[in-house]
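Each chain, written out:
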Amino acid sequence: MNYKIKERILKNLLIEITKKYDYMINEYKAKDTQSEEKLLTDYLTSLLNRDGFKKNLLELSKLSLIEDKSIALITLDLDNFKIINTSYGYEIGDLFLKDVGKLLKNISRSNWTVARIGGDEFGIAIYGIRFNEILFEVERIKSRIENFKFKVGDSFLSTTVSVGVSIFSPHSDKDILSVLNKAEVGIYQSKTKGKNIATFSSEDIQEKLKDLEEKKNIVMYAINNKDAIKVYIQPIVSLRKKDIIGGELLLRIEYKGKVIPAVQFIESSIFFGLLPKLEKIQLDKFLTSGKVKRLEGKYIFINRHIKTGQLKNIKSLIDELSYHKKEISGINFVIEITENSFVENFSYLKDIVHYAKKRDILFAIDDFGAGFASFGYVSKVPIDIIKIDRSIIDECITDKKHQAIVKAISILSKELDMKTVAEFIDNRQKLEKCSIFNIDYGQGFYFNQPLELEEFLDLL
Amino acid sequence: MKVVTFIEKDINGAKKKVIEITQNMNPDLFIFFAPYTFFEQGDNFDLPKKTDCIGISTVAVVKDNCIEYNAYGGIFISFEKSGRCDLKKIDGISEDIDVSVDFLDKILISEEKGTNLLFSTSSNLYVNKVLNKTFKNKKENIRLYGGIASSDAPDFRTYISVNGDLLSDGFVLINLENVESFNTISLGFIPVGTTYTITKAKDNRVYTLDDMPIVYFLNNILRNTGITPYDLDPVKTSEILWEFPFLFIENSGYISHLLVPMCFDKEDESFLFYGEVLTGSKIKLSTGDSEDILIDVKIRSEEFNNILEERGCIPELVLNITCTARNYILLGDNLESKEQEIYYEKIRGIPFIGFLTFGEIGPDRMGKAGKFYNETSILLGLIER
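Quick mapping for you: the protein sequence lines, in order, are chains L and U.
First residue of the first sequence: 0, per numbering that gives the first Met the number 0; consecutive thereafter.
First residue of the second sequence: 0, per numbering that gives the first Met the number 0; consecutive thereafter.
Please keep in mind that the hints were generated in silico from the structure rather than gathered at the bench.
Each residue gets a CB set at the ideal place from its N, CA and C atoms; glycine is no exception.
Please note: incorrect hints may appear among the correct ones.
[Claimed, not checked] Which bits of chain L does chain U cover? Going by a derived footprint, with three or more residues having C-beta under 8 Å, they are:
| hint | segment |
| --- | --- |
| 1 | 90–102 |
| 2 | 148–159 |
[Stated by the list, open to error] Here are the simulated BS3-like cross-link-like pairs (lysine-lysine), alpha carbons at most 25 Å apart as the crow flies:
| hint | chain 1 | residue 1 | chain 2 | residue 2 |
| --- | --- | --- | --- | --- |
| 3 | L | K19 | U | K199 |
| 4 | U | K105 | L | K5 |
| 5 | L | K19 | U | K281 |
| 6 | U | K105 | U | K137 |
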């Protein structure tokens, strides 16, 4: 084509655009200055825009001073978003951003403020968050975005995010907007480190994250080398008859010639969403071991960390254990969950407990007395066993108030037809106190440390 | 399914090839591409009785990394698993659109059952109208791909033959039952300027843009070029029209398809397109040259490759349905086979064939079926279930 003509047409088009643009601007100015709300809202995602976000942060910072609460500022920048725009056109890019905005809105909680603060940059303020929860929330946001897929014809678009996080503490930080800047500098640092990374302005959190990453290596090693996952059981003893009634299944990983206890890697495996994989491998190893038939009639406690997303796995665990009990081993399986998880997910779990009951699977509440559960909760569902929290057992030797609590738990449990277990019994005094208060079973180093399955079976 | 493809420069070579291939396989379906003169001369290929045969007139055939103008090409398909094909044809579609809509509506199969291929003569407007009406309220997922036959006859007349019967104003639909499909579509034109609303249109004619007569807009765009709206026609100013196609924007904001202007009608001062334009459509002007087209082809071939990797499968046939006008732009820069060379890099070893069209049929970018395009290139992968 004659390039002179083409150039002329393009110039003419530019003139047309300019005319239309001027017209639109004048029309916009002529209208009333728009409602403030409209000026603070992002036209694409309907989230707050940068100005709206800043305004909101200033209000939150005032409140935080009164209520003495911290505010986490999380800023996210989509990695390689330009490629989506270039490959599919900015119209598709806009639809993608719109859905990312929707996703962030959907995963947000009541104390979150979500905004689109730049082209492909989002900001989240979490009010009143506890220091140790920030890492988990950041990881949750990262993994939700990473798993998000946007369908374009027969293709799926996805992205990762570079994250910058800073924390506004009302008494040490004066200006929340400079804390926002720090978070945005964090994005830049994440990008230069190789994208899909979170950078924290606080050294403590950065160190914590580093530690979790290191522990993740151990967990990943175990998942990829199943032999490294060991089946350990800690015996549970009848305080009256002094015989072993069963034990609690415990996770151990053999790494570089050492057996590593769960306490060292459990936080990392929860953080990176790897715990269900570890638990599954361990349980499979236990259930498929030919020797478990020797545990017929014994009580095997299986502890499960309940996170909302994993609740659905509980039903299939009950089915699996029920089948195993009936068809293979005759073991009395006890699923134990912590008191806090039980209360937080009560509406769902109460049905689950009934479901388990029908399938001859028992339920125990772990760490009872540590949180906010009461007998009001446990009396509403047929819980079978209560495991009393360590803090109460530790104190009951000398402290009369704690003795009263143990005594009350014991009496009420008997009334409600529940058995009691005292955990962490590591000396004779604790054993004697628990026996006096009529606690049914005990668990702890005074009886035995956790043993490998073979050793445990030899004890019986 | 077993697939054998060929390309030959002359009819004798093509006939020889058909005999040679049918001696070694008993095909269920034979789709061939030939110059329009082949159909006018009443020529034919010798085929086994059980083989269904579709012929499409075309300006050029593409195969692997090359393109041949005025050539012959063909695809033999023999189903080996659960696949089968069913042909249905209709002629005289411009006489009664509703009959054609009813016909198409009844014979389309859902994605669950397989893939539909539609090949039509150059009744662009009517095919587009039939598609728009058929798919207006369709809820089920349908895989429909195809193209308008092409030719370099002076009046652009085209032909489709179905088992020896010629269609001059109709289409044939092939139901490929139990054949899965996936695709990419390359546009390659860059949107420029602001969005306009077509405020008055009928069939393929646009009368007003943003409530202003279209001639006002065209006068502005063509100012000082030496061309007036009255000069715009398919032959003399085809380059201008082809290099500035209109992009149509869906309600949700993405570009759904592209249509090329055909000419300006002095009589009623309307601007005509190679397809139906609906009142209320949002449009943007676009521009592109060989470089823009080929950049997009690279992106789409990469996308096609990603789809294969995601699905973990290799197609048994890749069909390329690509526009004559698009090829004309590439030809102007001596890059006529570059598009196929780029595709071929990613699908080497897989039977790859196609033809030049006067219009393409496929889903839009977001997968909504039944769109009619100009100046695009569809890459379609097929696998028997």
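Cross-check of the supplied hints:
1. Counting residues of the segment 90–102 of chain L whose CB falls under 8 Å from any CB of chain U gives 4; the rule of at least 3 is met.
2. Judged by the Cβ-Cβ criterion of 8 Å, the segment 148–159 of chain L is covered by chain U as claimed, because 6 of its residues qualify and three suffice.
3. For a cut-off of 25 Å, the pair hint linking K19 of chain L to K199 of chain U stands: about 20 Å separates their Cα positions.
4. Proposed proximity of K105 of chain U and K5 of chain L is contradicted: the alpha carbons are some 46 Å apart, above 25 Å.
5. For a cut-off of 25 Å, the pair hint linking K19 of chain L to K281 of chain U stands: about 15 Å separates their Cα positions.
6. Between K105 of chain U and K137 of chain U the alpha-carbon distance is near 12 Å, which keeps this suggested pair within the 25 Å criterion.
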